[in-house]
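Trainee: Residues per chain are reported as follows:
Protein chains: 2
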Amino acid sequence: MGDVVENREWYLAAYCPEGVPTSEHLKFRTVSLSIASDSIPHNHLAVETLLLSVDPYLRGRLTGTLEGLFISQYQLNQVITVFGVVRVIRSKDSKYNEGDILLNRSAPVAEYSIVPSSDIARKIDATIGISLSDYLGSLGIPGFAAWVGIEVLGKPKVGSNVFISAASGAVGINAGQLAKIRGCRVIGSTGSDDKVKLIKEEFGYDDGFNYNSESDFDAALTKYFPDGIDVYLDNVGGKMLEAVLNHVNKYARIPLCGMISQYNKVWTEREGVRNLLNMVGKEVRMEGFMLESYWHRFGDFAKDMERYIQEGKVKSKNKINIGIESFLESLNSLFSSSNIGKVVVQVKA
Amino acid sequence: MGDVVENREWYLAAYCPEGVPTSEHLKFRTVSLSIASDSIPHNHLAVETLLLSVDPYLRGRLTGTLEGLFISQYQLNQVITVFGVVRVIRSKDSKYNEGDILLNRSAPVAEYSIVPSSDIARKIDATIGISLSDYLGSLGIPGFAAWVGIEVLGKPKVGSNVFISAASGAVGINAGQLAKIRGCRVIGSTGSDDKVKLIKEEFGYDDGFNYNSESDFDAALTKYFPDGIDVYLDNVGGKMLEAVLNHVNKYARIPLCGMISQYNKVWTEREGVRNLLNMVGKEVRMEGFMLESYWHRFGDFAKDMERYIQEGKVKSKNKINIGIESFLESLNSLFSSSNIGKVVVQVKA
Ligand SMILES: NC(=O)c1ccc[n+]([C@@H]2O[C@H](COP(=O)([O-])OP(=O)(O)OC[C@H]3O[C@@H](n4cnc5c(N)ncnc54)[C@H](OP(=O)(O)O)[C@@H]3O)[C@@H](O)[C@H]2O)c1
Ligand SMILES: NC(=O)c1ccc[n+]([C@@H]2O[C@H](COP(=O)([O-])OP(=O)(O)OC[C@H]3O[C@@H](n4cnc5c(N)ncnc54)[C@H](OP(=O)(O)O)[C@@H]3O)[C@@H](O)[C@H]2O)c1
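Chains as they are written, first to last, in the UniProt record's numbering: chain A, 1 to 349; chain B, 1 to 349.
Hints listed in this document are in silico derivations from the structure and should not be mistaken for laboratory results.
Remember, it's a predicted structure, so these values are computed and weren't measured experimentally.
Any given hint could be a false lead.
Which copy is meant is left open, because identical chains are indistinguishable; a pair holds if it fits in one copy or across any two.
[Unchecked claim] Straight-line alpha carbon distances no greater than 20 Å define the calculated EDC-like cross-link-like pairs of lysine to aspartate or glutamate that follow:
(1) LYS197 / GLU292
(2) LYS239 / GLU269
(3) LYS250 / GLU67
(4) LYS180 / GLU98
(5) LYS239 / GLU329
(6) LYS319 / GLU329
(7) LYS239 / GLU271
(8) LYS250 / GLU292
(9) LYS223 / GLU67
With the rest of the complex left out, here is chain A:
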């Protein structure tokens, strides 16, 4: 490999306050990048990107305001960054060597990059039989979010009635399996009949329903939760959250992981939840969380999850889109019902 590479990358061309982001907002370009030893600062690494994680929270970094997710905004004209699996080409940090495979919390959506080693979350041992894409799925953001939502905040007991929305998504698949490990009765909602079938047959859900064909969420929850809901891991917000609040049991917990049905709307257009009063009488705790506040637990999570995967207790499902050019399309696919499991872009095999 020479000292200068032709580097294809996605950058922010314009903020997108409303609606699904398009090629007007995220654009693709080719730049030259020097990876010569003397262009790599101390404690930095030159890396090539293997896999990129495509997550709904990225939508929140494109709005141009802090509203809603209150996460730092991408900068105009700069390459965007995501969770990614990278391989070291050249190292200026004695902890890492050429060839090391690493999980980068802030990987540029580019074929190559020079990154501070402080962005590295962990080294990956590619020999233990876990696929690299799982480090972005069950062992990455969605797996960690599922773990925080179920284990840290939801804390269901054996026999608890657990409801999970976006159940066939990356978080949902992991959360359902974690709740089953805890001995719960687990019901999911998702966007098609095939997906309902899949979460039951492959991922241990006791039952589920297709929210696109249920005109009355309240009736569906009456049917699937004759004994009420103890824990609701909310991934979608809006009308589904409102319906859940009519079925909560005393002391129910609602970890708010995300509200994907509301991300593409300005706040005044979002669906109002009218029955929060139910939270008083039922003494419900609803709590939002962002993974950035739980990094100190990442090690605990990774240990648990690796064991579950190796014991076959957690199965994963990754939708791998080939080629960095598929990044925008992959992001947009999150806002339809077109995927199952974790969406990953494979930049290099």
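Mind docking chain B with the ligands on chain A? Use the hints.
Mentor: Same frame as chain A, now just chain B with the ligands:
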């Protein structure tokens, strides 16, 4: 006193699903009650009522459904019960003697009654310089609710920015003073300019505003919370809660004490809160509570609060309406801005 008394009482004539309860729902009648020794069962007491506590949650016991507050409904044709201060006339429980003044958790809204001693919350020592009505105010339901909301769930730190709605009400006055004892900056909203003046001058609030003259709650909160809100004790719900969610700081806590602005509406007519997504990014915890779940803390609360009252750190304000016949009017007055502090009905001096 003879063995039979003419007893005036309020009973439930019809449930009231919507709107403010009227004399169609709660009716007044006179019945004869035997207080002869042999009509008093073992572990029961014959008592005369001194004071009755008038609280917003009573509205929830009149709806005829569990919706909203999910508390047990009054029974048709039966006398209703509230928190009250009573004096023992005859005792069939060796723990209590004639003349004892007691706090009854479930006092019939009647001049006389025969009650199980298991309903007694505590004995009152009338000689320690605390007025009997304070046992229903700062030392009763609203004081306890303020304590649970601030001390147990809100847990503000020195310098935290605390917002309290219905600030001049029974809960609000106590909550504001408890937050000041914790060293917080405390702002309240209430229904008139005079009340705003009062909470500042008498009850230690740093500032406040009249929600009836603020057309834009969002602008008011921008003005009063330049550094955002760390704890919001919600007493009113609806649009005020929505406005607060646009001003919450990271990790803000919202103990849901009540939502009085929504009690007289069926749930589908209640105001929808559109910005719950803010709870995800700001990692906000919102938690409903009912005092029935905190009885094991009542002793801790009473000890703290008695000390604060005796040290002059908590001042109380009670609106005492004379005569049991004023009960319905007193209840309805809670749903207007006509009272300050704790509303009590004095049945007997
Ligand atoms: N708090 C955190 O730190 C954190 C971390 C990771 C993820 N999250 C959140 O967790 C949620 C799930 O994330 P994920 O990674 O697992 O994404 P994902 O499920 O892989 O992808 C999103 C899925 O959501 C469903 N969806 C899209 N639009 C919807 C709508 N309008 N109504 C209902 N469902 C809709 C779609 O599935 P179907 O329609 O087929 O069901 C889609 O496949 C998101 O809200 C995300 O923001 C939060
Ligand atoms: N969770 C529990 O266990 C528990 C226990 C006790 C009380 N609570 C709740 O705490 C809240 C306050 O109770 P409280 O005993 O202190 O009653 P209160 O404040 O003495 O009386 C109610 C006050 O609420 C205000 N209000 C009435 N209608 C309103 C509306 N539409 N919008 C805004 N404010 C309105 C009025 O004051 P202004 O309009 O003048 O401000 C009124 O004086 C209630 O929601 C109650 O249900 C809960």
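Trainee: If you test the structure against every hint from before, which numbers come out violated?
Mentor: 1, 4, 5
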